[in-house]
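*Asks:* Single-letter residue listing:
Number of protein chains: 2
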Amino acid sequence: MSESTILSSKHETSSVFAPRFDDNGLITAVVTEAGTGLPLMVAHMNAQAIKLSIETGEAHFWSRSRKEIWHKGGTSGNVLQIVDIHTDCDQDCLWISVEAKGHGAACHTGRKSCFYRKLIAQDGEVSLHMTQDEPLFDPKDVYK
Amino acid sequence: MSESTILSSKHETSSVFAPRFDDNGLITAVVTEAGTGLPLMVAHMNAQAIKLSIETGEAHFWSRSRKEIWHKGGTSGNVLQIVDIHTDCDQDCLWISVEAKGHGAACHTGRKSCFYRKLIAQDGEVSLHMTQDEPLFDPKDVYK
Numbered sequence: 004m005s006e007s008t009i010l011s012s013k014h015e016t017s018s019v020f021a022p023r024f025d026d027n028g029l030i031t032a033v034v035t036e037a038g039t040g041l042p043l044m045v046a047h048m049n050a051q052a053i054k055l056s057i058e059t060g061e062a063h064f065w066s067r068s069r070k071e072i073w074h075k076g077g078t079s080g081n082v083l084q085i086v087d088i089h090t091d092c093d094q095d096c097l098w099i100s101v102e103a104k105g106h107g108a109a110c111h112t113g114r115k116s117c118f119y120r121k122l123i124a125q126d127g128e129v130s131l132h133m134t135q136d137e138p139l140f141d142p143k144d145v146y147k
Numbered sequence: 004m005s006e007s008t009i010l011s012s013k014h015e016t017s018s019v020f021a022p023r024f025d026d027n028g029l030i031t032a033v034v035t036e037a038g039t040g041l042p043l044m045v046a047h048m049n050a051q052a053i054k055l056s057i058e059t060g061e062a063h064f065w066s067r068s069r070k071e072i073w074h075k076g077g078t079s080g081n082v083l084q085i086v087d088i089h090t091d092c093d094q095d096c097l098w099i100s101v102e103a104k105g106h107g108a109a110c111h112t113g114r115k116s117c118f119y120r121k122l123i124a125q126d127g128e129v130s131l132h133m134t135q136d137e138p139l140f141d142p143k144d145v146y147k
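Protein chains in written order, with the numbering used here: chain A, 4 to 147; chain B, 4 to 147.
Since the hints were made in silico from the structure, they are not lab data.
All of these numbers come straight from a predicted model, not from anything done at the bench.
Any given hint might turn out to be false.
When the alpha-carbon atoms are kept at most 27 Å apart in a straight line, the in silico DSSO-like pairs for lysine-lysine are as follows [what the hints assert, rightly or not]:
#1 A:K70 with A:K121
#2 A:K54 with A:K104
#3 B:K104 with B:K115
#4 B:K121 with A:K104
#5 A:K121 with B:K143
#6 B:K104 with A:K115
#7 A:K70 with A:K143
#8 A:K121 with A:K143
#9 A:K115 with A:K54
#10 B:K115 with A:K121
#11 A:K54 with A:K121
#12 A:K70 with A:K54
#13 B:K143 with B:K70
#14 B:K54 with A:K121
#15 B:K121 with B:K143
#16 B:K121 with A:K54
#17 B:K70 with B:K54
#18 A:K104 with A:K121
With these hints in hand, go ahead and build the complete structure from the sequences.
*Replies:* Below, the structure is given as C-alpha cells:
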C-alpha cells in the first residue's frame with residue numbers, strides 16, 4: 004500500500020471536516036428534498052457559504068454569475084431549510100437535504116425541482132421531455 | 004424582458020438536449036438510487052461518456068485523475084444500470100437515477116453511497132459522523 008493510498012484511506016474515514024475546494028474556492032452542493040430524496044438543484048458553495056448555511060440553517064451558495072454570496076430564497080421567500088448535510092468520500096462534494104419553504108419551489112423557473120426534463124433517446128436522437136406539472140409560482144411575480 | 008432573458012427562457016423549456024460543458028468539456032452528474040432517491044455519488048461526464056451511458060444503459064464517466072473514460076464497475080463488477088436521466092434548467096448538470104448492480108455499492112470504499120458521513124455542528128466546531136454500516140465489499144478484494 005503506497006503512502007498516498009494510506010493518506011487517502013485516513014481521509015475517507017476521518018471525522019475531520021476538510022472540504023476540498025476547487026481552484027475557484029468552490030465545492031459542489033447537491034440539494035435534495037427531505038423525505039422524498041428528489042434532487043432539487045445543484046449549486047456551489049465557498050467556505051463562507053458553508054459557514055452561513057450551518058449557522059443559519061438556511062442554504063447559502065456562491066453565485067458564480069453574480070460573484071457574491073447567494074442566500075437562496077432571499078428574494079423569492081423560497082428559502083431552503085436545511086435538515087442535514089453530508090460530505091462524500093473524498094470531501095469534494097456536499098449533499099444537503101432540505102425542506103423547501105414558501106412556494107415549495109427550488110427552481111427559479113417556479114418549478115419544484117430544476118430537474119424537470121427527462122432525456123428520451125429514440126433512433127439515435129436524444130430529446131427532452133417535461134416531467135413536472137406547471138410552475139408553482141410565476142417568476143415574473145417574484146423576481147421584480 | 005431583455006434579449007438574454009428571452010433566450011434563457013427558451014433554453015429552459017426547450018426539448019433540445021444541449022448540455023453546457025465547462026471549460027474542461029465536462030458536466031456534473033449526480034447519481035441517485037432509483038426508488039429511494041439516495042444520492043450515491045457525484046462524478047463528471049464529457050460528451051463521449053454521455054453517449055456511452057445512453058447507448059449501453061450503464062453509467063460512464065470521465066475520470067479527471069486518470070484522464071480517461073471510466074466505465075463505472077468495469078473493474079469491480081458494480082455497474083450502475085441507468086433507469087433514467089434528467090437535465091436541469093440551464094443544462095449544466097445531469098441527474099442519473101440508477102440501480103447499483105454487483106455488491107450494490109457505488110463507493111470505491113465498498114459502501115453503498117459515497118455520502119456516508121454527516122456534518123455535526125457543536126460549539127462552533129463541525130465534525131463528521133459515520134451514518135452507514137460497514138462496507139458491502141472489501142476494496143482490497145476487488146481492486147487488485
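*Asks:* Compare the structure with each hint and give your call.
*Replies:* Hint check:
Restraint check: the Cα-Cα separation between K70 of chain A and K121 of chain A comes to about 30 Å, which exceeds 27 Å; the hinted pair is violated. As the CA atoms of K54 of chain A and K104 of chain A are separated by approximately 21 Å, the hinted pair is consistent with the 27 Å bound. Straight-line distance between C-alpha atoms of K104 of chain B and K115 of chain B comes to about 11 Å, which keeps the hinted pair within the 27 Å bound. Our distance criterion of 27 Å between C-alpha atoms is met by K121 of chain B and K104 of chain A, whose separation comes to about 23 Å.
Between K121 of chain A and K143 of chain B the alpha-carbon distance is near 37 Å, which puts this suggested pair outside the 27 Å criterion. Distance hint between K104 of chain B and K115 of chain A is unfulfilled; the C-alpha atoms sit about 30 Å from each other, more than 27 Å. A distance of roughly 23 Å separates the Cα atoms of K70 of chain A and K143 of chain A; the hinted pair therefore holds under the 27 Å criterion. Only pairs whose Cα atoms come within 27 Å are accepted, and K121 of chain A paired with K143 of chain A is accepted, the gap being roughly 25 Å.
Distance check on the hinted pair: K115 of chain A and K54 of chain A sit about 26 Å apart at the alpha-carbon level, within 27 Å; holds. Restraint check for K115 of chain B and K121 of chain A: the C-alpha separation of about 25 Å stays at or below 27 Å, so the hint holds. Taking the CA atoms of K54 of chain A and K121 of chain A, the gap is near 34 Å; set against the 27 Å cutoff, the hint is violated. A distance of roughly 17 Å separates the Cα atoms of K70 of chain A and K54 of chain A; the hinted pair therefore holds under the 27 Å criterion.
At roughly 23 Å between alpha-carbon atoms, K143 of chain B and K70 of chain B fall within 27 Å of each other, so this suggested pair holds. At roughly 15 Å between alpha-carbon atoms, K54 of chain B and K121 of chain A fall within 27 Å of each other, so this suggested pair holds. Distance restraint check for K121 of chain B and K143 of chain B: the Cα-Cα separation of roughly 25 Å lies within the 27 Å cut-off, and the hinted pair is therefore satisfied. Among the hinted pairs, K121 of chain B with K54 of chain A is consistent with the structure: their alpha-carbon atoms are about 15 Å apart, no more than 27 Å.
Proposed proximity of K70 of chain B and K54 of chain B is supported: the alpha carbons are some 17 Å apart, at most 27 Å. A hinted pair counts as satisfied when its Cα atoms are at most 27 Å apart, and K104 of chain A with K121 of chain A qualifies at roughly 25 Å.
Going through the hint list in order, the structure does not satisfy hints 1, 5, 6, 11.
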